[in-house]
Each structure stands twice: as C-alpha cells, then as structure tokens.
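Protein chains in written order, with UniProt numbering: chain A, 1 to 116; chain B, 1 to 116.
Because the hints were derived from the structure by calculation, they are not lab data.
Some clues are possibly wrong.
Mimicking DSSO-like on lysine-lysine, the simulated pairs with C-alpha atoms at most 27 Å apart in a straight line are [what the hints assert, rightly or not]:
hint : chain 1 : residue 1 : chain 2 : residue 2
1    : A       : Lys-9     : A       : Lys-36
2    : B       : Lys-36    : A       : Lys-79
3    : B       : Lys-79    : B       : Lys-36
4    : A       : Lys-9     : A       : Lys-113
5    : A       : Lys-36    : A       : Lys-113
6    : B       : Lys-113   : A       : Lys-79
7    : A       : Lys-36    : A       : Lys-79
8    : B       : Lys-79    : B       : Lys-2
9    : B       : Lys-36    : B       : Lys-113
10   : A       : Lys-113   : B       : Lys-79
11   : A       : Lys-2     : B       : Lys-36
12   : B       : Lys-79    : B       : Lys-113
13   : B       : Lys-2     : A       : Lys-36
14   : B       : Lys-79    : A       : Lys-2
15   : A       : Lys-113   : A       : Lys-79
16   : B       : Lys-9     : B       : Lys-36
17   : A       : Lys-9     : B       : Lys-79
18   : A       : Lys-2     : A       : Lys-79
19   : B       : Lys-2     : B       : Lys-113
20   : B       : Lys-9     : A       : Lys-79
This structure is a prediction, so every number in the text was calculated from the model and none was measured.
2 protein chains.
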Amino acid sequence: MKAINLAGKLASFDEHWAPRIVGQYNDNDLMVVKVKGEFVWHDHADTDDLFLVLEGEIDIEMLAETVTLRAGEMFVVPKGVEHRPVAREEAHLLIIEPRNTPNTGDPATAVTKETI
Amino acid sequence: MKAINLAGKLASFDEHWAPRIVGQYNDNDLMVVKVKGEFVWHDHADTDDLFLVLEGEIDIEMLAETVTLRAGEMFVVPKGVEHRPVAREEAHLLIIEPRNTPNTGDPATAVTKETI
Chain A
1 MKAINLAGKL ASFDEHWAPR IVGQYNDNDL MVVKVKGEFV WHDHADTDDL
51 FLVLEGEIDI EMLAETVTLR AGEMFVVPKG VEHRPVAREE AHLLIIEPRN
101 TPNTGDPATA VTKETI
Chain B
1 MKAINLAGKL ASFDEHWAPR IVGQYNDNDL MVVKVKGEFV WHDHADTDDL
51 FLVLEGEIDI EMLAETVTLR AGEMFVVPKG VEHRPVAREE AHLLIIEPRN
101 TPNTGDPATA VTKETI
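Let the hints inform the model, and build the full structure from the sequences given.
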C-alpha cells in the first residue's frame with residue numbers, strides 16, 4: 001500500500017479531458033485530470049460530481065450560475081444539474097465519481113478511464 | 001452554490017481531531033480536519049477511509065506497515081483495516097467518509113461532526 005502522489009500522477013500524461021484513475025474509495029473512482037478549454041454540457045442523472053482544483057482555475061458553468069474554482073477549492077455539482085467545466089488555461093483537478101460513470105454523462109461519447 | 005475554500009474553512013477553527021463537514025458528495029461527508037499527535041487505533045467495518053493531506057505530513061500506521069503522506073498525497077485505508085493516524089506536527093487533511101461514520105470507528109467514543 002502506498003501514498004498516491006497527485007502531482008506525480010499528473011506529470012505522467014499530457015492529454016486534456018482524459019481522466020486517469022489513481023485509486024478507489026468504496027465504489028468510487030478517484031481520478032486526476034488535466035483540463036483546458038470547454039468541455040461539453042452534460043449532467044449525471046444518478047450521481048453528484050466532485051471537483052477539487054489542484055492547480056489553475058476552472059469555471060463550472062451551470063444554467064443558472066457559474067462557480068469559479070481556484071487551487072484548493074472544491075465544488076460538488078448536484079446530481080441532475082446540467083453543467084460545463086471550462087478552463088481558460090490548463091488546470092489540474094481531482095475528481096470523484098462512482099465507478100463506471102460516463103464523463104460526458106452519456107456512455108456513447110464517454111472516454112475510457114485508464115488506471116495509472 | 002459556491003466554491004468550498006478548504007484553507008478558508010481550516011482557518012475557522014483550531015481544535016485537533018475534530019472534523020468539520022464542509023460539503024456532501026452523494027451519501028458522503030466531505031470534511032476538513034486539523035490533526036496533531038496520535039489518534040486512536042480503530043477500523044471502519046463498513047467503509048474505506050480517504051485521507052488527502054493539504055498541509056503538513058502524517059503517518060497512517062497499520063498493523064503490517066506505515067504509509068507516510070505529505071501535502072498533495074492521498075491514501076485510502078481499506079475497510080476493516082485497523083489504522084492509527086499520527087502527526088508529529090500539525091497537519092491539515094481533507095477526509096471523506098459515508099455520512100454518520102464514527103471517526104473512531106465506535107459511536108460511543110466518536111466526536112460529533114459540526115458543519116461549517
């Protein structure tokens with residue numbers, strides 16, 4: 001058993017919007033992801049969506065409002081709430097979702113989450 | 001809806017080993033806690049136990065081995081694994097546990113987790 005060094009995990013890849021699984025907590029995947037630009041609008045009907053910014057800054061756009069997150073800030077998008085993450089510059093995030101949650105909210109367009 | 005600033009939440013209290021609830025993710029409490037010294041040996045029969053070090057350094061002692069965590073490092077104690085967190089100097093953590101999990105593994109000795 002060993003510590004999961006988040007910066008070390010993030011240093012091992014460059015792709016944007018391609019979450020890497022770095023651990024598990026109960027039935028959830030613990031993931032790190034690099035983001036830049038606009039993701040797609042989506043929601044998760046069955047789960048909240050947890051974002052913790054490790055480096056940089058992102059906006060979580062929702063229909064009614066936008067929440068800006070900086071390093072050291074966390075936000076949980078409640079289940080069913082449509083949202084779009086946007087990062088003007090590259091940002092690094094820790095995200096938590098139940099195992100097998102499609103990152104786009106739709107299995108047809110979701111990326112496969114590699115474990116690193 | 002607003003960002004949860006972890007350092008800001010941590011600055012609002014001084015007690016050690018007294019987790020504060022700062023948000024919810026599905027049926028889990030998201031908590032920040034300041035720790036210093038030795039906690040009690042305990043396990044959680046029904047849940048993994050997630051630790052992310054935000055500042056400082058802690059040891060997660062287990063019967064077979066000890067894992068040291070520094071800022072930016074995460075560790076999940078598997079359910080049922082006996083462990084004791086130890087911090088030589090004050091450290092600040094993000095922890096995640098299912099709602100109503102006793103922090104000592106035993107409702108009789110657990111602290112009440114205040115929401116801030």
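Hint by hint, here is what the structure shows:
no.: 1; hint: A/Lys-9 <-> A/Lys-36; in the structure: holds, 18 Å
no.: 2; hint: B/Lys-36 <-> A/Lys-79; in the structure: violated, 36 Å
no.: 3; hint: B/Lys-79 <-> B/Lys-36; in the structure: holds, 23 Å
no.: 4; hint: A/Lys-9 <-> A/Lys-113; in the structure: holds, 14 Å
no.: 5; hint: A/Lys-36 <-> A/Lys-113; in the structure: holds, 18 Å
no.: 6; hint: B/Lys-113 <-> A/Lys-79; in the structure: holds, 24 Å
no.: 7; hint: A/Lys-36 <-> A/Lys-79; in the structure: holds, 23 Å
no.: 8; hint: B/Lys-79 <-> B/Lys-2; in the structure: violated, 32 Å
no.: 9; hint: B/Lys-36 <-> B/Lys-113; in the structure: holds, 18 Å
no.: 10; hint: A/Lys-113 <-> B/Lys-79; in the structure: holds, 24 Å
no.: 11; hint: A/Lys-2 <-> B/Lys-36; in the structure: holds, 21 Å
no.: 12; hint: B/Lys-79 <-> B/Lys-113; in the structure: holds, 20 Å
no.: 13; hint: B/Lys-2 <-> A/Lys-36; in the structure: holds, 21 Å
no.: 14; hint: B/Lys-79 <-> A/Lys-2; in the structure: holds, 16 Å
no.: 15; hint: A/Lys-113 <-> A/Lys-79; in the structure: holds, 20 Å
no.: 16; hint: B/Lys-9 <-> B/Lys-36; in the structure: holds, 18 Å
no.: 17; hint: A/Lys-9 <-> B/Lys-79; in the structure: holds, 24 Å
no.: 18; hint: A/Lys-2 <-> A/Lys-79; in the structure: violated, 32 Å
no.: 19; hint: B/Lys-2 <-> B/Lys-113; in the structure: holds, 21 Å
no.: 20; hint: B/Lys-9 <-> A/Lys-79; in the structure: holds, 24 Å
Of the hints listed earlier, those the structure fails to meet are numbers 2, 8, 18, in rising order.
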